[in-house]
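Between the sequences and the hints, there should be enough to build the whole structure, so can you do that?
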Amino acid sequence: MVKSGLHKETLVDGRASVSPYRLAAHLGTAFILYAGLLWNSFKYLTKPDVYASTRVPRAWAMSVHGLLTLTLITVIAGAFVAGLDAGLCYPTFPKMGDYWIPPEYSTLTPWYKNHFENPVTVQFNHRVLGLTTTAAVLAFSVASLSVKFGRRAAMARNLLAAMVIVQTSLGIGTLLYNVPISMAAAHQAGSLAMLSFALWLAFNLRRVPK
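Heads up: the sequence shown is residues 1 to 210, going by this note's numbering.
Worth flagging that the hints you see were computed from the coordinates, not collected in a lab.
You may find that some hints are simply not true.
In silico SDA-like pairs for lysine to any residue, Cα to Cα no more than 25 angstroms straight-line [what the hints assert, rightly or not]:
| no. | residue 1 | residue 2 |
| --- | --- | --- |
| 1 | Lys43 | Ala161 |
| 2 | Lys113 | Val128 |
| 3 | Lys113 | Gly97 |
| 4 | Lys43 | Ala154 |
| 5 | Lys43 | Gly66 |
Cβ-Cβ distance ranges computed for the label pairs, FRET-style [what the hints assert, rightly or not]:
| no. | residue 1 | residue 2 | range |
| --- | --- | --- | --- |
| 6 | Ala185 | Leu37 | 18 to 26 angstroms |
| 7 | Pro110 | Thr46 | 46 to 54 angstroms |
| 8 | Ser106 | Thr69 | 22 to 30 angstroms |
| 9 | Thr107 | Asn158 | 37 to 45 angstroms |
| 10 | Ala30 | Ile165 | 23 to 31 angstroms |
| 11 | Val142 | Ile101 | 25 to 33 angstroms |
| 12 | Lys95 | Leu33 | 35 to 43 angstroms |
| 13 | Pro103 | Asn158 | 35 to 43 angstroms |
| 14 | Pro94 | Ala186 | 15 to 23 angstroms |
| 15 | Val166 | Trp39 | 18 to 26 angstroms |
| 16 | Gly36 | Pro57 | 20 to 28 angstroms |
| 17 | Thr107 | Asn40 | 43 to 51 angstroms |
| 18 | Gly97 | Ser41 | 39 to 47 angstroms |
Just so you know, even glycine gets a beta-carbon here, dropped at the ideal spot from N, CA and C.
In structure tokens:
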């Protein structure tokens, strides 16, 4: 990834600009490795919530896996935003300028390149994924309030719900303030925190062998 930004033709005002493809692959791999290490550390540092894992319908645990997948996809989409400096093209919210769907959404050919190389499309997609993730997490949290989760599972769910609100606020703020490095870094760290809480919730809802 680093090597991809060291060629003269990729320099922007004398500053290295890495390939968004390699950046996304690099970040995605890092998150997957982190998730694997964290999951295995849970096995040694804590025990699964036996009550939650045996009494809570399995559909809830599967829903958490869906939230994990959605979070990871949103993170990778965010890597393309960073790689293309896509956050700078429409620093407005909730609309992109005067549009809900910007006119530059599909200007590249073949069409699929827009989703990886068109900054406007990449920003739009990340917005949609981010808001979808937020809605999904909050819907899960509210719907599961009537379910008797164990103490740790309930805590993980509540932390995940709180973190998704913080993360969404950071994302919107990063956009509106023209991507300050400190806020962008906090937004990326927030995605890692979200993944961590979702993993902790999934661990506590997993089935425990009898």
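Regarding Pro94 and Ala186, is the given constraint of 15 to 23 angstroms on their beta-carbon distance met? Since the Cβ atoms of Pro94 and Ala186 sit about 21 angstroms apart, the hinted range of 15 to 23 angstroms holds.
Next pair to validate is Lys43 with Ala161; report whether the Cα-Cα distance is within 25 angstroms. Holds. Lys43 to Ala161 sits at ~24 angstroms (cutoff 25 angstroms).
Range hint 23 to 31 angstroms (beta carbons of Ala30 and Ile165) holds or violated: Distance hint for Ala30, Ile165 holds at roughly 25 angstroms.
Between Val166 and Trp39, does the beta-carbon spacing fit 18 to 26 angstroms? holds, 23 angstroms
Would you say the C-beta atoms of Thr107 and Asn40 sit inside 43 to 51 angstroms of each other? Holds, since Thr107 and Asn40 (Cβ atoms, about 45 angstroms apart) stay within the stated range.
Between Gly97 and Ser41, is the Cβ distance one that fits in 39 to 47 angstroms? Holds: the Cβ-Cβ distance is about 45 angstroms, inside 39 to 47 angstroms.
Distance restraint hint 20 to 28 angstroms, applied to the beta-carbon atoms of Gly36 and Pro57: holds, 26 angstroms
Could you check the hint for me, namely that Ala185 and Leu37 are 18 to 26 angstroms apart, CB to CB? holds, 21 angstroms
Holds or violated: are the alpha carbons of Lys113 and Gly97 at most 25 angstroms from each other? Between Lys113 and Gly97 the Cα gap is close to 23 angstroms, so the pair holds against 25 angstroms.
Per the hint of 37 to 45 angstroms, is the separation of the Cβ atoms of Thr107 and Asn158 within bounds? Hint holds: Cβ distance 43 angstroms, inside 37 to 45 angstroms.
Hey, Lys113 versus Val128, does the alpha-carbon distance stay inside 25 angstroms? holds, 18 angstroms
Quick one, are Lys43 and Gly66 close enough, alpha carbons at most 25 angstroms? Holds. Lys43 to Gly66 sits at ~21 angstroms (cutoff 25 angstroms).
Consistency with the previously given hints is maintained throughout, with no hint failing.
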